Amino acid sequence: MTTTATSQWVTHHPHAEPRSLTVELSWTQADPFTVKITFRTNLDNRSQDVDWELSRDLLAAGLCAPAGDGDIRIAPSDHEPDQIVVDLRPADSGQHLRLLGPAGRVRDFLTATYAQVAPGTETVDVDRALTQILEAAK
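Quick note on this note's numbering: the sequence shown kicks off at 1 and runs consecutively.
Hints may be right or wrong, so weigh each one.
Beta-carbon label-pair distances, calculated as ranges [claimed, not checked]:
{"no.": "1", "residue 1": "Arg19", "residue 2": "Glu53", "range": "15 to 25 angstroms"}
{"no.": "2", "residue 1": "Thr11", "residue 2": "Cys64", "range": "19 to 29 angstroms"}
{"no.": "3", "residue 1": "Leu130", "residue 2": "Glu17", "range": "40 to 50 angstroms"}
{"no.": "4", "residue 1": "Glu53", "residue 2": "Ser7", "range": "14 to 24 angstroms"}
{"no.": "5", "residue 1": "Gly120", "residue 2": "His15", "range": "35 to 45 angstroms"}
{"no.": "6", "residue 1": "Thr4", "residue 2": "Ser77", "range": "37 to 47 angstroms"}
{"no.": "7", "residue 1": "Cys64", "residue 2": "Thr2", "range": "32 to 42 angstroms"}
{"no.": "8", "residue 1": "Glu17", "residue 2": "Thr123", "range": "39 to 49 angstroms"}
{"no.": "9", "residue 1": "Lys138", "residue 2": "Ser77", "range": "41 to 51 angstroms"}
{"no.": "10", "residue 1": "Ala65", "residue 2": "Thr111", "range": "15 to 25 angstroms"}
SDA-like cross-link-like pairs, simulated, lysine to any residue; straight-line CA separation at most 25 angstroms [unchecked claim]:
{"no.": "11", "residue 1": "Lys36", "residue 2": "Leu58"}
{"no.": "12", "residue 1": "Lys138", "residue 2": "Val117"}
{"no.": "13", "residue 1": "Lys138", "residue 2": "Asp92"}
{"no.": "14", "residue 1": "Lys36", "residue 2": "Gly120"}
{"no.": "15", "residue 1": "Lys138", "residue 2": "Leu58"}
{"no.": "16", "residue 1": "Lys138", "residue 2": "Asp108"}
{"no.": "17", "residue 1": "Lys36", "residue 2": "Asp108"}
{"no.": "18", "residue 1": "Lys138", "residue 2": "Ala30"}
{"no.": "19", "residue 1": "Lys36", "residue 2": "Thr6"}
{"no.": "20", "residue 1": "Lys36", "residue 2": "Glu122"}
{"no.": "21", "residue 1": "Lys138", "residue 2": "Gln116"}
{"no.": "22", "residue 1": "Lys138", "residue 2": "Met1"}
{"no.": "23", "residue 1": "Lys36", "residue 2": "Asp125"}
{"no.": "24", "residue 1": "Lys138", "residue 2": "Ala60"}
{"no.": "25", "residue 1": "Lys138", "residue 2": "Val85"}
{"no.": "26", "residue 1": "Lys138", "residue 2": "Thr6"}
{"no.": "27", "residue 1": "Lys36", "residue 2": "Val126"}
{"no.": "28", "residue 1": "Lys138", "residue 2": "Gly120"}
{"no.": "29", "residue 1": "Lys36", "residue 2": "Met1"}
{"no.": "30", "residue 1": "Lys138", "residue 2": "Arg128"}
{"no.": "31", "residue 1": "Lys36", "residue 2": "Leu130"}
{"no.": "32", "residue 1": "Lys36", "residue 2": "Gln48"}
{"no.": "33", "residue 1": "Lys138", "residue 2": "Pro81"}
The set of hints was computed from the structure by calculation and includes no laboratory data. None of the values given here were measured: they were computed from a predicted structure. Glycine residues also receive a C-beta, built at the ideal position from the N, C-alpha and C atoms.
Please put together the full structure from these sequences, using the hints given.
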């Protein structure tokens, strides 16, 4: 079963005007550790989806306190108590994108995923995971 939540987020960049962006969170029981975030962009009148994957635990931790030390960092907003801040910093690009999203919607999304697979009860199909790794290496 797949759980999804779509909401409007706002980009924040020091050299650009804030922009509204449609963001979809999705999670599936087949991969209970991972949340996919899809950013639906419309640049130059071209629609393009950009996908990022992160750990469900990281997303949950970032609702309460700063979390993450890699490409993705998540924290509650210092200025907007009902917002969550997601910083994306791809190591190989030198780029940085900051997004503000609705913390309540993220919390509701996570609650829906926990109803299907509670934290700490996740399992991994090792054979499936190994097959995916080997297929990707070809």
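A quick look at each hint next to the structure:
1. Arg19 / Glu53: 15 to 25 angstroms: 23 angstroms, holds
2. Thr11 / Cys64: 19 to 29 angstroms: 23 angstroms, holds
3. Leu130 / Glu17: 40 to 50 angstroms: 46 angstroms, holds
4. Glu53 / Ser7: 14 to 24 angstroms: At roughly 18 angstroms between Cβ atoms, Ser7 and Glu53 fall inside 14 to 24 angstroms, so the hint holds.
5. Gly120 / His15: 35 to 45 angstroms: This hint holds: roughly 43 angstroms between Cβ atoms.
6. Thr4 / Ser77: 37 to 47 angstroms: About 23 angstroms separates the Cβ atoms of Thr4 and Ser77, which means 37 to 47 angstroms is violated.
7. Cys64 / Thr2: 32 to 42 angstroms: Once the Cβ atoms are compared, 25 angstroms apart, the range 32 to 42 angstroms for Thr2 and Cys64 is violated.
8. Glu17 / Thr123: 39 to 49 angstroms: 45 angstroms, holds
9. Lys138 / Ser77: 41 to 51 angstroms: At roughly 43 angstroms between Cβ atoms, Ser77 and Lys138 fall inside 41 to 51 angstroms, so the hint holds.
10. Ala65 / Thr111: 15 to 25 angstroms: 18 angstroms, holds
11. Lys36 / Leu58: Holds - the C-alpha atoms of Leu58 and Lys36 are around 12 angstroms apart, at most 25 angstroms.
12. Lys138 / Val117: 32 angstroms, violated
13. Lys138 / Asp92: 23 angstroms, holds
14. Lys36 / Gly120: Given that 25 angstroms is the threshold and the Cα spacing comes to 19 angstroms, the pair holds.
15. Lys138 / Leu58: With Cα atoms ~30 angstroms apart, Lys138 and Leu58 exceed 25 angstroms; violated.
16. Lys138 / Asp108: Judged against 25 angstroms, a Cα distance of about 39 angstroms means the pair is violated.
17. Lys36 / Asp108: With a Cα-Cα distance of about 16 angstroms, the restraint between Lys36 and Asp108 holds, given a limit of 25 angstroms.
18. Lys138 / Ala30: The given pair, whose Cα atoms are some 23 angstroms apart, holds under the 25 angstroms limit.
19. Lys36 / Thr6: 12 angstroms, holds
20. Lys36 / Glu122: Cα-Cα ~17 angstroms, so holds.
21. Lys138 / Gln116: 34 angstroms, violated
22. Lys138 / Met1: 29 angstroms, violated
23. Lys36 / Asp125: Judged against 25 angstroms, a Cα distance of about 19 angstroms means the pair holds.
24. Lys138 / Ala60: 34 angstroms, violated
25. Lys138 / Val85: Violated: Lys138 and Val85 sit about 37 angstroms apart, past 25 angstroms.
26. Lys138 / Thr6: 34 angstroms, violated
27. Lys36 / Val126: Judged against 25 angstroms, a Cα distance of about 20 angstroms means the pair holds.
28. Lys138 / Gly120: Roughly 33 angstroms between the alpha carbons, so the hint for Lys138 and Gly120 is violated.
29. Lys36 / Met1: Given pair Lys36, Met1 holds - Cα atoms ~14 angstroms apart, limit 25 angstroms.
30. Lys138 / Arg128: 16 angstroms, holds
31. Lys36 / Leu130: 20 angstroms, holds
32. Lys36 / Gln48: Status holds; Cα separation ~16 angstroms.
33. Lys138 / Pro81: The hint is violated at about 46 angstroms.
Comparing the model with each earlier hint shows violations of hints 6, 7, 12, 15, 16, 21, 22, 24, 25, 26, 28, 33; every other hint is respected.
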